[in-house]
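*Asks:* Chains as they are written, first to last, in numbering that gives the first Met the number 0: chain A, 0 to 134; chain B, 0 to 134; chain C, 0 to 134; chain D, 0 to 134; chain E, 0 to 134; chain F, 0 to 134.
No lab work stands behind these hints, which were simulated from the structure alone. Each hint should be verified, as a subset may be incorrect.
Identical chains blur together in the list; that is why a pair holds if it fits in one copy or across any two.
Derived SDA-like pairs: lysine to any residue, alpha-carbon spacing no greater than 20 Å straight-line [stated by the list, open to error]:
1) K119 / H17
2) K110 / I46
3) K48 / A134
4) K119 / V50
6 protein chains.
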Amino acid sequence: MKVAVFRREHFNAAHRLHNPAWSDEENKKIFGKCNNPHYHGHNYDLIVKVVGEPDPQTGYVMDMKVLSDLIQEHVINRFDHKNLNLDVDDFKNLNPTAENIAVVIWHLLRKHIDPSLELKVTLYETERNFVEFPA
Amino acid sequence: MKVAVFRREHFNAAHRLHNPAWSDEENKKIFGKCNNPHYHGHNYDLIVKVVGEPDPQTGYVMDMKVLSDLIQEHVINRFDHKNLNLDVDDFKNLNPTAENIAVVIWHLLRKHIDPSLELKVTLYETERNFVEFPA
Amino acid sequence: MKVAVFRREHFNAAHRLHNPAWSDEENKKIFGKCNNPHYHGHNYDLIVKVVGEPDPQTGYVMDMKVLSDLIQEHVINRFDHKNLNLDVDDFKNLNPTAENIAVVIWHLLRKHIDPSLELKVTLYETERNFVEFPA
Amino acid sequence: MKVAVFRREHFNAAHRLHNPAWSDEENKKIFGKCNNPHYHGHNYDLIVKVVGEPDPQTGYVMDMKVLSDLIQEHVINRFDHKNLNLDVDDFKNLNPTAENIAVVIWHLLRKHIDPSLELKVTLYETERNFVEFPA
Amino acid sequence: MKVAVFRREHFNAAHRLHNPAWSDEENKKIFGKCNNPHYHGHNYDLIVKVVGEPDPQTGYVMDMKVLSDLIQEHVINRFDHKNLNLDVDDFKNLNPTAENIAVVIWHLLRKHIDPSLELKVTLYETERNFVEFPA
Amino acid sequence: MKVAVFRREHFNAAHRLHNPAWSDEENKKIFGKCNNPHYHGHNYDLIVKVVGEPDPQTGYVMDMKVLSDLIQEHVINRFDHKNLNLDVDDFKNLNPTAENIAVVIWHLLRKHIDPSLELKVTLYETERNFVEFPA
Numbered sequence: 000m001k002v003a004v005f006r007r008e009h010f011n012a013a014h015r016l017h018n019p020a021w022s023d024e025e026n027k028k029i030f031g032k033c034n035n036p037h038y039h040g041h042n043y044d045l046i047v048k049v050v051g052e053p054d055p056q057t058g059y060v061m062d063m064k065v066l067s068d069l070i071q072e073h074v075i076n077r078f079d080h081k082n083l084n085l086d087v088d089d090f091k092n093l094n095p096t097a098e099n100i101a102v103v104i105w106h107l108l109r110k111h112i113d114p115s116l117e118l119k120v121t122l123y124e125t126e127r128n129f130v131e132f133p134a
Numbered sequence: 000m001k002v003a004v005f006r007r008e009h010f011n012a013a014h015r016l017h018n019p020a021w022s023d024e025e026n027k028k029i030f031g032k033c034n035n036p037h038y039h040g041h042n043y044d045l046i047v048k049v050v051g052e053p054d055p056q057t058g059y060v061m062d063m064k065v066l067s068d069l070i071q072e073h074v075i076n077r078f079d080h081k082n083l084n085l086d087v088d089d090f091k092n093l094n095p096t097a098e099n100i101a102v103v104i105w106h107l108l109r110k111h112i113d114p115s116l117e118l119k120v121t122l123y124e125t126e127r128n129f130v131e132f133p134a
Numbered sequence: 000m001k002v003a004v005f006r007r008e009h010f011n012a013a014h015r016l017h018n019p020a021w022s023d024e025e026n027k028k029i030f031g032k033c034n035n036p037h038y039h040g041h042n043y044d045l046i047v048k049v050v051g052e053p054d055p056q057t058g059y060v061m062d063m064k065v066l067s068d069l070i071q072e073h074v075i076n077r078f079d080h081k082n083l084n085l086d087v088d089d090f091k092n093l094n095p096t097a098e099n100i101a102v103v104i105w106h107l108l109r110k111h112i113d114p115s116l117e118l119k120v121t122l123y124e125t126e127r128n129f130v131e132f133p134a
Numbered sequence: 000m001k002v003a004v005f006r007r008e009h010f011n012a013a014h015r016l017h018n019p020a021w022s023d024e025e026n027k028k029i030f031g032k033c034n035n036p037h038y039h040g041h042n043y044d045l046i047v048k049v050v051g052e053p054d055p056q057t058g059y060v061m062d063m064k065v066l067s068d069l070i071q072e073h074v075i076n077r078f079d080h081k082n083l084n085l086d087v088d089d090f091k092n093l094n095p096t097a098e099n100i101a102v103v104i105w106h107l108l109r110k111h112i113d114p115s116l117e118l119k120v121t122l123y124e125t126e127r128n129f130v131e132f133p134a
Numbered sequence: 000m001k002v003a004v005f006r007r008e009h010f011n012a013a014h015r016l017h018n019p020a021w022s023d024e025e026n027k028k029i030f031g032k033c034n035n036p037h038y039h040g041h042n043y044d045l046i047v048k049v050v051g052e053p054d055p056q057t058g059y060v061m062d063m064k065v066l067s068d069l070i071q072e073h074v075i076n077r078f079d080h081k082n083l084n085l086d087v088d089d090f091k092n093l094n095p096t097a098e099n100i101a102v103v104i105w106h107l108l109r110k111h112i113d114p115s116l117e118l119k120v121t122l123y124e125t126e127r128n129f130v131e132f133p134a
Numbered sequence: 000m001k002v003a004v005f006r007r008e009h010f011n012a013a014h015r016l017h018n019p020a021w022s023d024e025e026n027k028k029i030f031g032k033c034n035n036p037h038y039h040g041h042n043y044d045l046i047v048k049v050v051g052e053p054d055p056q057t058g059y060v061m062d063m064k065v066l067s068d069l070i071q072e073h074v075i076n077r078f079d080h081k082n083l084n085l086d087v088d089d090f091k092n093l094n095p096t097a098e099n100i101a102v103v104i105w106h107l108l109r110k111h112i113d114p115s116l117e118l119k120v121t122l123y124e125t126e127r128n129f130v131e132f133p134a
């Protein structure tokens, strides 16, 4: 009798897509305007899903306030109003595509959520482009 | 070759979160401002998902008008503009968390939907907090 | 060369519509299910508009962080997770319709905003019902 | 370590629901106002989901620009500002319910997406009625 | 001390843009794919704004339920699931652009709203194209 | 008998808020995390409003396709996937606050819109922060 609970948060960040192993021409060809060396940015919307059985005492799978605070501490404080390529260690050697950002967020949160609870993250880069991990 | 169909409805209700087995202090500590004895309220958005094979005669998994009428009759009429704690029998002995409301709605609808069709409900308490049952 | 700036905030509250000068029958007839004596509730979305000339030093009409903090202090802390009829003095003798809530919010904020700046509030009771003051 | 990527697109089209094997009375009874012989229409919102492992070189499961172009070429150009019953061959002998449109779109895209990638489509006929294939 | 109240409703309709005084080539050139002779369609979102002073007895500028019923009776029943060009007399000799539909709706409602109240309509043809009358 | 028409477009950009006449401490104090020297970014949503009388031949105040193309050519191509501070001449000596961006966009479009038509722009920096010019 498992229930899923979802919490939506957001952050604003700059990034560029770039593979340092490639020439500038290759980067331009593959990543197009997302490769702009001066960066561009997004309002990222993040939905965190946690699945488990509601506690009979509280009726909660997990206290949404606690979940919101965890996301604030481990994700929003780390990413919000930052340049993902320059300011966030996780992307020093990892291209900050929506796919990779979602995987990084999942690992940042996984260690702080009870292991008996399943975890999934959905990340909106724009209203039209979004990703989910794990699929 | 199954298809899922979804119908979104909404209702407005008051509630408070409270466990009568606990002291007032414990309730205040666990449920915070959601424990306000005078109640607070929400615009609940409800999405009902039904999964099955489309009927070759109609092209419908289930007539959305019929599904909408069922939700109106068995859920909206029961919950809309009500105090969930005081006016709705289902919560006489059950804390009206989003998790528990979703489970109650699922049971209210399950008996009126053809057993060959799978059923899932998603309930938005706010734009930022929502739940899904079964997960 | 005036610019308008807008800040959106939200709060969740319970209320009922009721005129104590009328009989129960009249109240029921005029306010319908909104008259439920046990209350119902809403997720209220509030948009505050401030109009003025941008400061040439900052490029701001008004710092949105300052505006957000003012709304938090004078409106959200007063209304969020409250029963408007029972917990909020402004509605002790005033029916908490969307119209009246918007007028109350405007007066709560007006004294804290520079008199050279115009002020307007929009209040969404639901996605389908909303009000604006002054019109 | 699979990730899902999603791309949202839209098109506007006219349609009517009708089963030519039935009498006008039966059609009217089953499909109601959706059977209007002069057609009605919708703004359809389409979300295409593709699941796979991100390419370590790009960090992409699939380039969203490529996915968007495929949807444009094979779906939007075929359906946008069209009468689904009269202008689109796929519905010459198939009732254009949301369920059937979603299945048709899935087949139109499936042949252009790498077979190692899973594919799912969600189609919104309105904000309140939507479908997903495969379920 | 005027307050504006707003009510959002919607309808789904087919239409085409066409000027019978012009050649087919001219129509095609000016209206593009909106000139498709087989029609296309939209989910129209309608917001009706009414401005006046709240009644001190009710706290209402106008009862939203009454406003919603008026829109239903005079606009939605006339336009919903219809072909605007063929089924709605107002467009027999008037091109159903968003601008013209908004003006027609305003006139349909004006006669049923108290003359002391100001009236404005906003019509969304899509999320990206919308109009307001009077401006 | 004027009608307003609105067109919504969007762009994604990086920026930072900074006044070069101030010390780093002052900038940090006034602009907070928006002063990050490595930039952050947003999905900007832009609504352009044009007011005039509908042409009796077309029923259009202004062809939305023409308006969309003008915005694309003069605003989106200039701002999208750019660093506003480094890549856009308009902000070489102007702080790219939402207020200033809106004023710049208005001037970029004003010269390309018929002088008989009124022009207004609304710019969303986030769902919660937006501006309008002229007010």
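*Asks:* Confirm or reject each hint.
*Replies:* Here is how each hint holds up against the structure:
Taking CA atoms no more than 20 Å apart as the test, K119 paired with H17 passes in neither setting, with 26 Å inside one copy and 29 Å between copies. Taking CA atoms no more than 20 Å apart as the test, K110 paired with I46 passes inside one copy only; the shortest distance there is 17 Å, against 31 Å between copies. For the identical chains of this complex, K48 and A134 are neighbours both inside a copy (12 Å) and across copies (10 Å), given an alpha-carbon limit of 20 Å. Proximity of K119 and V50 under a CA criterion of 20 Å is satisfied in both settings, with 9 Å inside one chain copy and 15 Å between copies.
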